[in-house]
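There are 2 protein chains.
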Amino acid sequence: MVKGKITKLSVSDVRFPTSLEQHGSDAMHTDPDYSVAYVVIETEGGLKGYGLTFTLGKGTEIVVCAVQALSSLVIGKDSEEIVNDFRSFYRLLTSDGQMRWLGPEKGVVQLAAAAVLNAVWDLWARAEGKPLWKLLVDMDPEKLISCIDFRYITDALTEKEALDILRKARDGKCKREEHMLKEGYPAYTTSCAWIGYPDEQLKQLCSKALSEGWTRFKVKVGADLNDDIRRCRLLREMIGPDKTLMIDANQRWDVAEAIEWVSRLVEFKPLWIEEPTSPDDILGHAAIAKALAPLGIGVATGEQCHNRVMFKQLLQSQALRFVQIDSCRLGSVNENLAVLLMAEKFQVPVCPHAGGVGLCELVQHLILFDYIAVSGSLENRMCEYVDHLHEHFTNPVVIKNASYMPPKNPGYSTEMKDDSAKRHQFPDGEVWRELRASRRVQ
Amino acid sequence: MVKGKITKLSVSDVRFPTSLEQHGSDAMHTDPDYSVAYVVIETEGGLKGYGLTFTLGKGTEIVVCAVQALSSLVIGKDSEEIVNDFRSFYRLLTSDGQMRWLGPEKGVVQLAAAAVLNAVWDLWARAEGKPLWKLLVDMDPEKLISCIDFRYITDALTEKEALDILRKARDGKCKREEHMLKEGYPAYTTSCAWIGYPDEQLKQLCSKALSEGWTRFKVKVGADLNDDIRRCRLLREMIGPDKTLMIDANQRWDVAEAIEWVSRLVEFKPLWIEEPTSPDDILGHAAIAKALAPLGIGVATGEQCHNRVMFKQLLQSQALRFVQIDSCRLGSVNENLAVLLMAEKFQVPVCPHAGGVGLCELVQHLILFDYIAVSGSLENRMCEYVDHLHEHFTNPVVIKNASYMPPKNPGYSTEMKDDSAKRHQFPDGEVWRELRASRRVQ
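So the protein sequences, as listed, match chains G and Y. Heads up: the first sequence runs through residues 1 to 442, numbered per the working numbering. Heads up: the second sequence runs through residues 1 to 442, numbered per the working numbering.
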């Protein structure tokens, strides 16, 4: 059981120079340096919890500053009291009377809250000696519900409906858990076709992925239509007609443009178009979804959907066919639980966003919980996977046969190797000092 | 004409201890310390521009940190080139490939962009020797349009439609400008009925406001229904049946709760209910608007509506009858121009949010421009006014007969008195040191 006051909270700016090799490049984010604001909390008993939120480099220091601003709400709190009334603690961090003006529940302050809350969940799971997914799977429905702030979503999901969903899903839980431990959760790969990769690299990576057993592939699109046609054709020819292809525009288009552009790619049979337009444009997504449905292409979005209120509306307006939760954009497990339950209520499959740094490590826990204890289904479901930066974690993801194998160590898989975190500190870690010395970065 | 490179950008954290007297208190923000992130830019020619964004105290340092992160995109840029392609500069600040992950265009990073861009607009207006409203009123429609980023709003407003609106509004511009110079722009007051004020204070302030000629009053509601009924009754009795009363819940309710609660206040004939629920809940606002329309109560929102994409949807879904733009939440004049033009297209009146610190000084310019050069109408229109903290500005607002009199000094009225800014620096200004010494704050 988790107990004792939280006596320390430290936060650091850890960046990886991924832009040097165009890893993670897309139509809107052409040169990301995958980074995290990395939080470590410690109780008076000496137990530690690790949390992070993902960023793209520049501005990570702003999130660090926001975590520092939140720290006064965390230090001195009793960890047992936090988890016994987690809903109140969530609201304390996200609805402070002065700080909420900076959001509310969006942007930098929500990213910071996510990092802190992720550390608390890691602490809790470690204290229970369970991986986070198992902590959630074993938790009473009433207790799970008590972690969720239902403010602003009761018109879509009441506490009672949420409880009913969880109670109903108890049937077959053990069997599904066994299934996951044996087979893992199905994944797709985004590693082959970043927008900055030349065709030759795309081909090599795709061959390699096919040989490793991958059957679902995502291609970045949206910068140039002819490039998109050429790259989609290349990939579709390599993977054949039966495997799955998805496309991702990373918010590049306006509404009409999205419909027109995607219509030109229909011959490559994409399962979904991801982030066709502004992540804030619920009605725009709904219009695109309606126009593309006859073409058999669904709309997917969520990695920049900033809170449960936005997901609620995307579901209410039938704007998406795939819900892409993110472990570090939303307010940690607390807010993701709300979204998983709303998705189940609306019967829309969840296909988490991952990649970056740490996102795969974290989100696998949430989607395992979703399958075992909420949706009970794998139909039209898969979790994103990107093959980068796992080596910096003490418990990196394990992929077998293109599936996420359930983590077994206690916690939320959030802990980074000390040496990695230290060497990649920005701006004074060894890696960055060397890059500046060799003039590879300014 | 504005010219020369921008050579300096400074930013500071300026806070006023308004929470000590419950000024600005509402159902969600019970103890605000009105504050600004205050930006000063300077060109090589020595011209200065002042900008700010408004905050509620805690966390202002996060916005300061975000302004510092943006400063590398500003320093060294030629001011003439900026205003000659202002759309590109807007996008540079709001869509940086690494920084946009922290928004995009929302929360802390958008507030920071607003502060910086407000300073650029102030600089431009000063260089032209005109108050900002006059700079805008005199500007060619083509030039005005070139300041707006139309990304994500073309399904609601095209460049051509925007141009047509501006061209059509040329008729009668001179007459409307004269009218404003003589009579001013109609205002309403929020100073009487903050939620933390006891009834006696409310009565005194209301008497005073009536004697000064105010005819439109706003009451904060949403914390306790019986309090609301008592306070609304008190105010309605004092002002009589013909003057205007508005109510403001500052996001306190869920959707069904909002409809039920407001229905209980219908006897006091509020013109609008402001911020009934989450600022992100477009569909929720639409549901509330639909339910309350038969009661003759309109929905108003906008002070926490984070960008033009959200306003677009509020308009598209008929979710509001009053558009409340904010000079410091949206991306400065650039983004507010987009919203004013969309509001005109959808024929919804604009009633700006003001108050706080500096918001009245800034937004009066935008609403003067709206009347003279966009909407040409005063029907159902008024600008919020709150009687606090104006003494800290070098060109404070001038109110006559409950109307904003057009500013005459060059610029955007954004400059604070040096002494005020210095004494209220947080945490080391004299005011804060004294408050800590006397133990009135920690």
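Calculated directly from the structure, the hints in this document are not laboratory data. There's no promise every hint is true.
Copies of the same chain look alike in the list, so a pair counts if it works inside one copy or between any two.
Below, simulated SDA-like cross-link-like pairs (lysine to any residue); rule was C-alpha separation at most 20 Å, straight line [what the hints assert, rightly or not]:
| no. | residue 1 | residue 2 |
| --- | --- | --- |
| 1 | LYS48 | LYS422 |
| 2 | LYS417 | ASP85 |
| 3 | LYS3 | LEU163 |
| 4 | LYS290 | SER317 |
| 5 | LYS48 | GLU80 |
| 6 | LYS290 | GLN316 |
| 7 | LYS203 | MET238 |
| 8 | LYS130 | LEU181 |
| 9 | LYS143 | LEU234 |
| 10 | LYS168 | ARG233 |
| 11 | LYS243 | ALA256 |
| 12 | LYS400 | GLU178 |
| 13 | LYS400 | THR215 |
| 14 | LYS160 | GLU257 |
| 15 | LYS203 | PRO17 |
| 16 | LYS345 | PHE150 |
Hints, one by one, checked against the model:
1. For the identical chains of this complex, LYS48 and LYS422 are intra-copy neighbours only, at 17 Å inside a copy versus 42 Å across copies, given an alpha-carbon limit of 20 Å.
2. In this assembly of identical chains, the alpha carbons of LYS417 and ASP85 never lie at most 20 Å apart, being 31 Å within a copy and 46 Å across copies at closest.
3. Taking the shortest Cα distances, LYS3 and LEU163 never come within 20 Å of each other, neither inside one copy (27 Å) nor across copies (63 Å).
4. Proximity of LYS290 and SER317 under a CA criterion of 20 Å is satisfied in both settings, with 10 Å inside one chain copy and 17 Å between copies.
5. For the homomeric pair LYS48 and GLU80, the shortest alpha-carbon distance inside one copy (14 Å) is at most 20 Å, but the shortest distance between copies (53 Å) is not.
6. When the C-alpha separation of LYS290 and GLN316 is checked against a cutoff of 20 Å, the pair qualifies both within a copy, at 14 Å, and between copies, at 17 Å.
7. Taking the shortest Cα distances, LYS203 and MET238 sit within 20 Å of each other inside one copy (8 Å), while across copies they are farther apart (77 Å).
8. Proximity of LYS130 to LEU181 under the C-alpha cut-off of 20 Å is restricted to the intra-copy arrangement: shortest distance 14 Å within a copy versus 70 Å between copies.
9. Neither within a single protomer nor between protomers do LYS143 and LEU234 lie at most 20 Å apart by alpha-carbon distance, with minima of 49 Å and 44 Å respectively.
10. When the C-alpha separation of LYS168 and ARG233 is checked against a cutoff of 20 Å, the pair qualifies neither within a copy, at 44 Å, nor between copies, at 49 Å.
11. Within a single copy, LYS243 and ALA256 get their C-alpha atoms no closer than 29 Å, and across copies no closer than 45 Å, so neither meets the 20 Å cut-off.
12. Proximity of LYS400 and GLU178 under a CA criterion of 20 Å is satisfied intra-copy only: 16 Å inside one chain copy versus 75 Å between copies.
13. In the homo-oligomer, the alpha carbons of LYS400 and THR215 lie at most 20 Å apart inside one protomer (13 Å), although the nearest pairing across protomers, at 71 Å, exceeds that limit.
14. When the C-alpha separation of LYS160 and GLU257 is checked against a cutoff of 20 Å, the pair qualifies only between copies, where the shortest distance is 17 Å, while the shortest distance within a copy is 42 Å.
15. In this assembly of identical chains, LYS203 and PRO17 lie within 20 Å of each other by CA distance neither inside one copy nor across copies; the values are 24 Å within and 62 Å between.
16. Proximity of LYS345 and PHE150 under a CA criterion of 20 Å is satisfied intra-copy only: 14 Å inside one chain copy versus 36 Å between copies.
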